[in-house]
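Visitor: Single-letter residue listing:
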Amino acid sequence: MTDPTPDVVTGVPSSPGRASGPARVVRSLADFARVRPGDVLVCRTTDPAWTPLFRLAAAVVAETGGLLSHAAIVAREYRIPAVVGASGAMTRLVDGARISVDGTLGTVAADETP
Amino acid sequence: MPHPSSPDLLVLHAVRLKGFAETDALAARFGLDAAQAHEDLLDAEAYGWVTRAAFAGLKGWSLTEAGRRRNETGLREELDRVGAREPVAAVHDDFLPLNGQATQAFTAWQLGSMAAPAPAPTGDVLGQLAGIADGLHPLEQRLTAHLIRFDGYHRRFAGALARAAADPVWITGMEVDSCHRIWFELHEDLIATLGISR
Numbered sequence: 007m008t009d010p011t012p013d014v015v016t017g018v019p020s021s022p023g024r025a026s027g028p029a030r031v032v033r034s035l036a037d038f039a040r041v042r043p044g045d046v047l048v049c050r051t052t053d054p055a056w057t058p059l060f061r062l063a064a065a066v067v068a069e070t071g072g073l074l075s076h077a078a079i080v081a082r083e084y085r086i087p088a089v090v091g092a093s094g095a096m097t098r099l100v101d102g103a104r105i106s107v108d109g110t111l112g113t114v115a116a117d118e119t120p
Numbered sequence: 054m055p056h057p058s059s060p061d062l063l064v065l066h067a068v069r070l071k072g073f074a075e076t077d078a079l080a081a082r083f084g085l086d087a088a089q090a091h092e093d094l095l096d097a098e099a100y101g102w103v104t105r106a107a108f109a110g111l112k113g114w115s116l117t118e119a120g121r122r123r124n125e126t127g128l129r130e131e132l133d134r135v136g137a138r139e140p141v142a143a144v145h146d147d148f149l150p151l152n153g154q155a156t157q158a159f160t161a162w163q164l165g166s167m168a169a170p171a172p173a174p175t176g177d178v179l180g181q182l183a184g185i186a187d188g189l190h191p192l193e194q195r196l197t198a199h200l201i202r203f204d205g206y207h208r209r210f211a212g213a214l215a216r217a218a219a220d221p222v223w224i225t226g227m228e229v230d231s232c233h234r235i236w237f238e239l240h241e242d243l244i245a246t247l248g249i250s251r
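In the order they appear, the protein sequences are chains A and B.
Residue numbering for the first sequence is 7 to 120, as defined by our numbering.
Residue numbering for the second sequence is 54 to 251, as defined by our numbering.
It should be emphasised that the hints constitute simulated quantities derived from the structure, not laboratory data.
From the three backbone atoms N, C-alpha and C, an ideal C-beta is built for every residue, glycine too.
Some clues are possibly wrong.
Claimed, not checked - Just a few of them, taken from the derived set where beta-carbon distance is under 7 Å, the chain A residues facing chain B:
(1) VAL18
(2) PRO54
(3) PRO58
(4) GLY72
(5) LEU73
(6) ILE79
Turn these sequences into a full structure, and let the hints steer you where they fit.
Guide: See below:
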C-alpha cells in the first residue's frame with residue numbers, strides 16, 4: 007500500500023532525536039495491549055498509567071502538552087524522540103502506517119513506501 | 054478533623070496514582086495489608102475496575118475506564134462527605150504556580166544533562182527543588198488537615214532530593230521514586246480528587 011501524499015504533523019519539539027516505526031493510535035487504556043515494541047505512540051495526552059508504554063515506544067506524538075508536559079518529561083527520561091502539542095495527530099496519522107518522528111525539529115512525516 | 058479513607062477506596066486510588074504497579078507496591082502506597090490488598094484487587098478485577106497486564110517485561114495492575122470512573126466517584130463522595138472541596142480546590146490553585154516552577158526545573162535539568170558530555174552539575178536544580186519542597190510542605194499540611202491520605206508527599210520529595218546530590222537519577226528518573234515521579238503523582242492526586250482534567 008502506498009501513500010502518495012504523506013501528511014505531516016508538527017508540534018513542539020520536546021525530546022531530541024529521530025525515530026521511525028508504525029503509528030499506534032492509542033485512545034484509552036483499552037488500546038494499550040495493541041502497542042508493540044518499536045511502535046510510535048500517538049495519543050492525546052498521557053498520565054501515570056501510560057508510563058509503561060514509553061518503555062516500548064520508539065517515539066511519542068501527543069496532541070496536547072508542551073515542553074514541560076508529562077509526555078515530554080518521560081520521553082526525555084527514556085531518551086526517545088517526542089513531539090507534543092501536535093494538533094490533529096490522532097486523526098491525521100493512520101494507525102499501522104510507518105511514520106518518522108523528529109523530536110529535534112518537532113515534525114512527523116509519513117514514510118515513503120517502496 | 055482529618056479523615057481516614059476507606060481501604061477499598063485506597064486500593065483503587067493507589068492504582069490510579071501509580072498507573073501500573075504490582076500488588077505489593079500498591080499496598081505499600083497507603084500502608085495497606087498486602088494480602089487484603091490482593092483480595093481487594095481481585096474483587097475490583099471481577100467488577101471490571103482493574104486489569105492485570107504485562108508491558109515490556111513488567112506485570113502490573115492498571116485501572117480500566119470503568120475503574121477510573123469508580124475511583125473518581127469514590128473520591129468525589131469522600132470529598133463532599135468531609136466537606137473538603139473548597140480547601141482542596143484552593144490548594145490546587147496554589148499548587149499550579151509551584152507546578153510551573155517544578156516542571157520548568159525538571160525540564161531544564163533534563164535538557165542540560167542531555168546536552169552535557171559529562172554528568173551535568175546538579176547545583177542549580179537541587180537549589181530550585183529545595184525551594185519547591187519548601188512550598189510543598191504547607192500545601193500538604195492543608196490537605197492532610199482534611200484527608201490523611203495526602204500524607205507523605207513532602208517527606209518522599211525531600212528524601213528523593215537528599216539522594217539526588219549523590220545520584221541525579223533521583224531528580225527525574227523513572228525507575229526510582231524520583232522528585233519528578235512524586236511531583237507528578239501529587240498532581241494526578243489533586244486532579245483525580247477534584248475530578249478535573251490537567
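Visitor: Each of the hints needs a verdict: does it hold here or not?
Guide: Tested hints:
1. For VAL18(A), the interface hint is violated, since its Cβ never comes within 7 Å of a Cβ in chain B; the closest pair sits about 12 Å apart.
2. Checking PRO54(A) against chain B: minimum C-beta separation of about 3 Å stays under 7 Å; hint holds.
3. Taken as an interface hint, PRO58(A) checks out: its beta carbon lies about 4 Å from the nearest beta carbon of chain B, inside 7 Å.
4. Taken as an interface hint, GLY72(A) does not check out: its beta carbon lies about 9 Å from the nearest beta carbon of chain B, beyond 7 Å.
5. For LEU73(A), the interface hint holds, since its Cβ comes within 7 Å of a Cβ in chain B; the closest pair sits about 6 Å apart.
6. Interface hint status for ILE79(A): upheld, as the beta-carbon distance to the closest one in chain B is roughly 6 Å, under 7 Å.
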